[in-house]
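Engineer: Quick note, the sequences are listed as chains A and B, same order.
The opening residue of the first sequence carries number 99 in the working numbering; numbering runs sequentially from there.
The opening residue of the second sequence carries number 99 in the working numbering; numbering runs sequentially from there.
The set of hints was computed from the structure by calculation and includes no laboratory data.
Please note that the accuracy of each hint is not assured.
As the list claims (entries may be wrong) - Here are the computed distance ranges between Cβ atoms for each label pair:
hint : chain 1 : residue 1 : chain 2 : residue 2 : range
1    : A       : Thr326    : B       : Asp393    : 18 to 26 Å
2    : A       : Thr248    : B       : Gly302    : 32 to 40 Å
3    : A       : Arg323    : B       : His125    : 45 to 53 Å
To be verified - One-sided excerpt, in silico: chain A residues whose CB lies under 7 Å from chain B:
hint : residue
4    : Thr122
5    : Met203
6    : Asp264
7    : His304
8    : Ser308
9    : Thr497
10   : Tyr499
In this text the structure is predicted, and so the values were computed from the model without any measurement.
Ideal Cβ positions, reconstructed from N, Cα and C, are used throughout, including at glycine.
Listed below, chain by chain, are the residues.
There are 2 protein chains.
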Amino acid sequence: MTTPFRDVRMTGFGPRIPVADVLTLLHQRVQPLPTESVTLDQMSNRILAERVLAPVNVPAFAKSAMDGFAVHSADCPGTVHIIGESLPAQPFPRRIAPGEAVRIMTGAPIPAGAEGVVPVEQTERSGDQLTVRVPIPIGKHIIRVGEDVTQGTALFSPGWRLRPQDVGILAAIGVGTTTVIRRPRVAVLVTGNELLPPGEKPEGFHIVDSNSVMLAALITRDGGRPATIQRIPDQPETIRTALAQAEADLILVSGGTSVGTEDHAPRVLAELGELAVHGIAMRPAAPTGIGFLPDGRIVMLLPGNPVSCLCAYDLFAGRVIRRLGGQSWEWPFRSQVVPLASDVRSVVGRVDYLRVKVESGQAAVTAGGPSSLSSAVSADGFVLVDAHQELLPAGEMVTVYLYA
Amino acid sequence: MTTPFRDVRMTGFGPRIPVADVLTLLHQRVQPLPTESVTLDQMSNRILAERVLAPVNVPAFAKSAMDGFAVHSADCPGTVHIIGESLPAQPFPRRIAPGEAVRIMTGAPIPAGAEGVVPVEQTERSGDQLTVRVPIPIGKHIIRVGEDVTQGTALFSPGWRLRPQDVGILAAIGVGTTTVIRRPRVAVLVTGNELLPPGEKPEGFHIVDSNSVMLAALITRDGGRPATIQRIPDQPETIRTALAQAEADLILVSGGTSVGTEDHAPRVLAELGELAVHGIAMRPAAPTGIGFLPDGRIVMLLPGNPVSCLCAYDLFAGRVIRRLGGQSWEWPFRSQVVPLASDVRSVVGRVDYLRVKVESGQAAVTAGGPSSLSSAVSADGFVLVDAHQELLPAGEMVTVYLYA
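My request is simple: use the sequences and hints to build the entire structure.
Structural biologist: Shown next as structure tokens:
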């Protein structure tokens, strides 16, 4: 599937690679990163790289599930004598005999000899005398040793995404650090002599770089760590140096990837390593390029047009980041299935990425071409027109992937 | 709806407040926080507090949508003379006459006089001679001034959650900072003499605090900022001091909220401010308390049992955090509608929070009571049994809210 390098500058692309083939290539060549160790405060949403067996029973001692009184079953219902109390971490120190009860709090250790707990609401107290109004079967309201987690149980397997409660149970079993897939470091290189840094005002023929802030937000959303953001001029040597030096697992290059005279990134990438893909059968983002450096770093050449950049990110770069990070590479988007508001024409063999707004229960394509970021800003999500589809007629049910 | 304080310690709750009433109270009394100013790198996922009008046209100059040649329409198809080039931020300096063409890159300024752009793929070049193979109507492949964003357009309204592309367009129009709702600062106070800090191993009758790490992850998920996490003993004075001093918009107290002798938090809260709710008609998490301090800080008393804590968070605390932060307080969870695997009994008037696993397309309640965090760890999500329901029979279609 690798395409030998052909300089397309000012001659145009040759045959474009189908989107499906690009996805197959990426799925084969991109694998989860090595692992790292993290502490509890950093575990949420991370992908486990190890199997976790419970090293202890939870609870390690029988404890009360209720605020009430620890009693003998044979005494209930009936009247018993309160001889002390059991508080969390302050157990009642001796065995209780028939006719005796111990005041107990939720979570406190069950005194030796006690067979059950009667909730405070089902008792009446007068001094040290306690009247239990209900029968208390053996084991009632007692949390047994290992009832929550039994020592030796496999709690989690590699690949599991840790949710808040999962981090909680790791704390409960005494785990303080665990091994997870490392978060991908992603470098962003924005090329373009016309670009001003975000935060400045557009002036004359200079425009403000909007892709870097958009990409940084997307990378973070997908669990990546934006490493460096560099704006560099459209010069082969500068691009070469920046690619060679970027300390990252993935380098996203924005701009300079097409067929213009100033589009140097594909040639530089081919010289430094491998340009595996350049020119994809899709609209927008056809000029997208994908390659690999000899040390394994992945390079994705995203078009400079903001919508093309977003499209190439959604279709390819986001998936690569999630896969590097050990996550599913499927889209994290919610989706909705609604009828299309009007006809959409495409070309067989090409995938189209439509920005749509869901209005009155229908998906309407928003105004604006690939240079119009407003077409994505005014959209609720996107619809893909598959390669085999030439026409999506109005009323056709389509899946809208909602922008997150 | 405010309940006058009644000391329920070791006597049990009185009538419990319906979940729906608690939600009404919270919705009325919790309002979005004041605003703050943030820079572009912090805008993603924030809630706008201002209306954003575009101060400029994007683009501010007519530019090319393609790599190709700027031409006169009347010359196409036909042969023209290449007289120079227009690169981004390096426009061709003079007007082009009929019969002339200028090589142009995507995004470069359209030279004066040019009427359209012919893509490089539709041309043949021989030295300075260019053969254009297709007609080029006026305006073809030219991005007009203001085509993406017209100066003065209202781009966003207050309350809008900024997505990555929205941050991009703000950069493009020259916005460097914007006003958003402040992220709620949330303090977590964990009470319990039996608790060891997360990261330690459980020992003897001491257990490890798992709620603080779980709550910190939940708070972050919902856009809050975990401020301080404090573990404090079950002493009224310590709780009073911690409540009084917590620098936060919301204080979550874990543990010590029920009817045991060591449950001081409700009384302390009633003394310092207002205990608006204590005892809710739900299972688990019935002992949940909610109140307000005189300076407006919100206090939520969450049960110490980990599942009860999670339940009270999901039903109330998460909603409060999202509402304080200007977000919708609806659940951020994906959901699935599937049949219930077996009968579930409840009590009319009470809301039940069931942890369920979705297996073979059915929702099966997981094993374990409110002290068993494993019941939430082994679950894919939760199902609510509404207050009016006494029995959910096997096969009943239920909505499973998937844990995120």
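Engineer: Confirm or reject each hint.
Structural biologist: Hints, one by one, checked against the model:
At about 43 Å, the CB distance of Thr326 of chain A to Asp393 of chain B disagrees with the hint of 18 to 26 Å. Thr248 of chain A and Gly302 of chain B have their C-beta atoms about 19 Å apart, which leaves the hinted 32 to 40 Å range violated. Taking the beta carbon of each, Arg323 of chain A and His125 of chain B are about 37 Å apart, not inside 45 to 53 Å as hinted. The criterion of a C-beta within 7 Å of any C-beta in chain B is not met by Thr122 of chain A, whose closest approach is roughly 27 Å, and the hint is violated.
At about 4 Å, the closest approach between the beta carbon of Met203 of chain A and any beta carbon in chain B falls short of 7 Å, and the interface hint on this residue holds. Satisfaction of the interface hint for Asp264 of chain A is found here, the shortest Cβ-Cβ separation to chain B being roughly 6 Å, below the 7 Å cut-off. Hint status for His304 of chain A: holds, given a least beta-carbon distance of 5 Å to chain B, under 7 Å. Checking Ser308 of chain A against chain B by beta carbon gives a least distance of about 4 Å; that is within 7 Å, so the hint holds.
With its C-beta approaching chain B no nearer than about 15 Å, Thr497 of chain A sits outside the 7 Å limit, and its interface hint is violated. Of the supplied interface hints, the one on Tyr499 of chain A is violated, with its beta-carbon coming no nearer than about 13 Å to a beta-carbon of chain B, more than 7 Å.
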